[in-house]
Amino acid sequence: MLRRMAFLVLGSLSLAASSFGGSIPRPPSDDSFPRVDEGRELFSLNFARPTDARLDHGLEKQGNGLGPVFNAVSCVACHKQGGVGGSGDLEANVITLGVVTRPVPLANVPKAVAAARKIHPAFSEQSGIQVLHQFAVGTPEEVATFDAFRNHVLEPFGGASALEAIQPVRREFGDVTLELSQRNTTPLWGLGLIEKFRKEGGDAIRARIAREQAEKTPWITGRIPATGNGPGWYGWRAQLPTLDSFVRSACAIEMGLKVAGFDEPANPVAATAPATGRKPRKRQQQYDLTDEQCTALTSFIRSLPRPEAVEESDYRRAEAHRGSKLFKKVGCADCHVPDLGWVSGVYSDMLLHDMGDAFSDAQTAMPDRFISRSTTTIVTPYYNVTLVSPERVMETPTNPQQEWKTPPLWGVRDSYPYMHDGRAATLRDAVLMHGGEAERSAVMFKSATAEDQQAIITFLESLRAPAQEAALAKGP
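Those letters in the sequence shown? Residues -21 to -1, 1 to 455, by mature numbering (1 follows the signal peptide of the UniProt record, and there is no 0).
It is worth saying that the hints were derived from the structure and are not from the lab. Note that the structure is a prediction, hence the values are computed from the model and not measured. Take the hints with a grain of salt, since some may be wrong.
Stated by the list, open to error - Below, computed lysine-lysine pairings styled on DSS-like, alpha-carbon distance capped at 30 Å:
#1 K308 with K425
#2 K175 with K304
#3 K59 with K195
#4 K175 with K97
#5 K178 with K307
#6 K90 with K178
#7 K178 with K97
#8 K307 with K175
#9 K178 with K195
#10 K195 with K175
#11 K195 with K307
#12 K425 with K195
#13 K195 with K90
#14 K308 with K195
What the hints assert, rightly or not - Pair ranges (Cβ atoms, derived):
#15 K97 with K425: 40 to 46 Å
#16 G414 with G180: 47 to 53 Å
#17 A86 with A297: 57 to 63 Å
#18 Q433 with H131: 45 to 51 Å
#19 P84 with H300: 45 to 51 Å
#20 E271 with D126: 42 to 48 Å
#21 V422 with V83: 45 to 51 Å
#22 E70 with E191: 29 to 35 Å
#23 P376 with K97: 49 to 55 Å
#24 S140 with P197: 39 to 45 Å
#25 S323 with V83: 42 to 48 Å
From the three backbone atoms N, C-alpha and C, an ideal C-beta is built for every residue, glycine too.
Work out the full structure, taking the sequences as your base and the hints as a guide.
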């Protein structure tokens, strides 16, 4: 199994488009997604050996392929838990290294950046995220140098033992505090429905849900996620606005495939010349995947079916039905809304919620901001936090370091481990770990009888991944 990337985070969320290859092209319309079959092959393609593919994708005629640093050689290498398009196990976790800026802001930004650069040389005031991937492309000597660099970064946090612990670890390095944390791979099932819902007025429905939560349950303060380019929908913090940007960002960050809108990460210890064995880019605008290939890949992900609730026996069906009522009674359904508009059975409000101190993380959600004048379009990658803003801004008071998007629960039985970093091994663990706005529900669950607790778990276990014959079916 492959471990995935680590990055460094600074300050508040936002990133200049120039850092990630320019503006993202306008996402294709629904009618331009006919290439599901090609997208299916791209999803499973081993980009380390693209000539093995049955289709001629022309990958060798453009760009320089996988890397220079990467976490996996294919999409399916991580998205396979419960089947094609599923979540990832702990071995596929993303390892993140972030500068802690909340709740206490940095006292001296230049000094903090200088201290952080001693750990990772690519830190700057404009780019608060650096990626420490699992693998590098190059000669044996170049790969060994990269591996030594990665181990050197991880050592102060406990090395392999810190990774096994899963939960965040913080260390001080002079004028900066760094946090080692992780992200678990999210499942992709049903995202076609979510994207369609987003385009058809989903933000208005999310806003209505947030208002109703505030009126009925004042301890719940859900808010629509913000990005540098519109309301957010995708990622653990909903830090990306569209499915198209989510797919493109993953291609660049996870596999080092340069695409329009998102540049490939650089090897932090490589020379400026391309690694041996990799073709140099003749022109800056050359990409590893064309817009058409990104469209095909997104098309396949859009085609992945939604999970359905299934139980084999009459007893378990009855128990799951009883559990669904208890799920609502203890307050879980306040945020894990069963139906999001016309998207039934999703069990998510797709809003950000404060989950408490135990879920604090250096890579914050983007705060709600008010800017007096701005003409800049900002492209936000999957992971990013920048330290400074060129404009004076005001923020709505929240705890963005503790805010997480309510994850959809459809398919949850087959999406283990649970929580954003996989810290919960079982569904019961996940329920009991809820804090912040969800603490009341966790307390009510814990106070319930053993029979009622099990009924809720049985209900959650009825939310299964889609059958693989459906996920792999030909055509849209």
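Outcome of the hint check:
1. Taking the CA atoms of K308 and K425, the gap is near 13 Å; set against the 30 Å cutoff, the hint holds.
2. For the hint linking K175 to K304, the alpha-carbon distance of about 29 Å falls within 30 Å, and the restraint holds.
3. At most 30 Å may separate the alpha-carbon atoms for a hinted pair to count; K59 and K195 exceed this at roughly 39 Å.
4. Straight-line distance between C-alpha atoms of K175 and K97 comes to about 45 Å, which puts the hinted pair past the 30 Å bound.
5. This hinted pair checks out: K178 and K307 have alpha carbons roughly 28 Å apart, not beyond 30 Å.
6. Using a Cα cut-off of 30 Å, the hinted pair K90 and K178 is violated, with the two alpha carbons roughly 43 Å apart.
7. Among the hinted pairs, K178 with K97 is inconsistent with the structure: their alpha-carbon atoms are about 44 Å apart, more than 30 Å.
8. The hinted pair formed by K307 and K175 meets the criterion: a straight-line CA distance of about 27 Å does not exceed 30 Å.
9. Straight-line distance between C-alpha atoms of K178 and K195 comes to about 28 Å, which keeps the hinted pair within the 30 Å bound.
10. Restraint check for K195 and K175: the C-alpha separation of about 28 Å stays at or below 30 Å, so the hint holds.
11. Distance restraint check for K195 and K307: the Cα-Cα separation of roughly 14 Å lies within the 30 Å cut-off, and the hinted pair is therefore satisfied.
12. At most 30 Å may separate the alpha-carbon atoms for a hinted pair to count; K425 and K195 meet this at roughly 23 Å.
13. Restraint check for K195 and K90: the C-alpha separation of about 46 Å exceeds 30 Å, so the hint is violated.
14. For the hint linking K308 to K195, the alpha-carbon distance of about 14 Å falls within 30 Å, and the restraint holds.
15. Judged by the Cβ atoms, the range 40 to 46 Å given for K97 and K425 holds: they are separated by roughly 45 Å.
16. Under the hint 47 to 53 Å, the C-beta atoms of G414 and G180, about 32 Å apart, miss the expected range.
17. A beta carbon spacing of about 59 Å between A86 and A297 agrees with the range 57 to 63 Å that was offered as a hint.
18. Distance hint for Q433 and H131: a CB-CB separation of about 47 Å, consistent with the stated range 45 to 51 Å.
19. Between P84 and H300 the Cβ separation comes to about 49 Å, which falls inside the hinted range of 45 to 51 Å.
20. At roughly 36 Å, the beta carbons of E271 and D126 sit outside the given window of 42 to 48 Å.
21. A hinted range of 45 to 51 Å is violated for the C-beta pair V422 and V83, which are about 29 Å apart.
22. The supplied range of 29 to 35 Å is broken by E70 and E191, whose beta-carbon atoms lie about 40 Å from each other.
23. Restraint check, P376 to K97: a C-beta distance of roughly 33 Å breaks the suggested window 49 to 55 Å.
24. The beta-carbon spacing between S140 and P197, approximately 42 Å, falls within the hinted interval of 39 to 45 Å.
25. Between S323 and V83 the Cβ separation comes to about 43 Å, which falls inside the hinted range of 42 to 48 Å.
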